[in-house]
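**Q** This is what each chain is made of:
Number of protein chains: 2
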Amino acid sequence: MKTISLATVQEPVQPELQAVTRRLGDLSRSETGLIRQVGEHVLTGGGKRLRPTLLLLVAKMGGQNQDLAELAATVVELVHTATLIHDDTVDGSQLRRGRPTVNRAFNHSVSIIMGDFVYSKAFALLAERQLYPLIEVLAHATHQMSRGEMIEMDLKHKVETTEEEYLDMIDGKTAVLFQASCEIGAYLGHGGQHRDEFKEFGRSFGLAFQIADDLMDLTGDEAVIGKDRGNDLQEGKVTLPYIAALRNSPPEERDRYSELIAHPESINGGWDDMVQWVRRRGGESYARDRALAFARRATEIVAGFPESESSRALADAAAYVVDRPL
Amino acid sequence: MKTISLATVQEPVQPELQAVTRRLGDLSRSETGLIRQVGEHVLTGGGKRLRPTLLLLVAKMGGQNQDLAELAATVVELVHTATLIHDDTVDGSQLRRGRPTVNRAFNHSVSIIMGDFVYSKAFALLAERQLYPLIEVLAHATHQMSRGEMIEMDLKHKVETTEEEYLDMIDGKTAVLFQASCEIGAYLGHGGQHRDEFKEFGRSFGLAFQIADDLMDLTGDEAVIGKDRGNDLQEGKVTLPYIAALRNSPPEERDRYSELIAHPESINGGWDDMVQWVRRRGGESYARDRALAFARRATEIVAGFPESESSRALADAAAYVVDRPL
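For the record, the sequence lines run as chains S and E.
For the first sequence, the working numbering gives the first residue as 6, with consecutive numbering after it.
For the second sequence, the working numbering gives the first residue as 6, with consecutive numbering after it.
The hints are simulated quantities; they were obtained by calculation from the structure and are not laboratory data.
Certain hints may be false.
If we take Cβ atoms under 10 Å as the criterion, some of the chain E residues that face chain S in the derived model are [what the hints assert, rightly or not]:
1. SER33
2. THR37
3. MET155
Please read all numbers here as calculations on a predicted model, not as lab measurements.
Idealized CB from N, CA, C, for every residue including glycine.
Required output: the full structure, derived from the provided sequences and hints.
**A** If you want it as structure tokens, here you go:
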């Protein structure tokens, strides 16, 4: 697949994305005190806005209602922001989008309650406009997301994690919100038609996104990913490249690397050896192939629709997600 | 007002409350792994079930739909449980309902994500049944609750907290969910009629509840409240008795106690003196009078309806809330 920039993908919905950024800014400015302070910190800090982008592109492929599409895109970005606030607290992360995380800039308590505030703001905005079908999609999605994160905690340091368990976990943790964004786009732009196709597009995109993300943690350029490689493993996350490499290793080797994966603190200076082992046992190529296959599935789905600026951008998004600078 | 037991209040809806307990148990038993483990810990641990009780009594005063009322009562208890999980983490509490808190028995990360899981379960259950008006009420309520908690954090250690700020904060933090429970009861049992009356009943009840709770922290029997008195102040919470006592003190005394309230760690052995000062300056009686006034308002509202077993229980609930062992 060709290398695509995020700007190319977002080109057809640039005005709408700017409106989303404006709406997010207005939300924090309408508050006072600590809420406003934290709100400005998390809502005006940038980010790639991938979920709003997909929602807006899907809606634009049909005949979008611009006001509703912008509102819905704002709402999915709020839900995503809320999960980031809680996730960063769970992981003890210090940086997010180049800024200190809420738990770092404020504290854990502020993170917990502000996450709840942002989540519930998303639902309150939809309830205010009585957008019940959107509430239904997002209520289901946020529940699946928290389930995925509980499963992720359950799987931590579990060397025997299967590919199936991994896929089920990232499906909830990541893919479900992309799926919901595209489903909402279909609802708003296509009058509810083609919901299933766009749901599958979003889910496939999300799975490709997460597998690519997990791969980047292993082999990415540290200057680009902005953190040490191997961070996931240090946090106990046994991702697809490791699962595949373990599966392909002879028993003795499997035992040795299982031990290291279960006790990542003992890897210490041996990180290059770990990466080379994953490569040698086909873990990197397997994960890349899986990500590409999901991205290809997403592209196929879009190819079933009449070509337009937006449909081309959605196909580009699928290429971008598996081959991005970050 | 006469002294009332919780059992008396709950008598008319005892079968429904048992069904709620059963439904909560079924929810955790339908899960696996860590979710089930934490779910059983938080959902089968008892609690007074005050919010379900009010919802069920209000619904029963009209002609309730028993299945829907039980579902809605289960949902408000889920929302309440989610807030407890997050609050205990924020406050670093160690015990809840006589059991270790989730943050103690598991850890902070599990608390954060499990709180999100329980919150979103509540909305997912309503969305499944397409109970949109209930979703609307609860989306608004949960948003107001997180707003109240953000304000509470903002007011921590702020000696100049006014009564108005305090009331606004407990309105969001506590009263809103009682209000929502009663509004839902009215919707289910009275076909949407008398919504405003029951909302005001719930709000008045909730304000009385929180003021009584805050008073108990100051003057309650430690054996009964199950924790050290003065806990709120140690956590930086400047509640109504202190606000009133400060307002009634001459300047020099106000300065002295302001200093202690702002730096509660310096109170040390001087707790009895603090309690005596609050009493002498009328802080205790003022807070008690305010709680009683809100409880009386709640009773007045119920008195406007035809008398029944359930209406008597609601009036009893208002008496109970300001004069309870806990």
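**Q** Each hint needs a verdict: does it hold in this structure or not?
**A** Verification of the supplied hints:
Because the beta carbon of E/SER33 sits about 12 Å from the nearest beta carbon in chain S, more than 10 Å, this interface hint is broken. Satisfaction of the interface hint for E/THR37 is found here, the shortest Cβ-Cβ separation to chain S being roughly 9 Å, below the 10 Å cut-off. For E/MET155, the shortest C-beta to C-beta distance to chain S is roughly 5 Å, which falls under 10 Å, so the interface hint holds.
The earlier numbered hint that this structure contradicts is number 1, and it is the only one.
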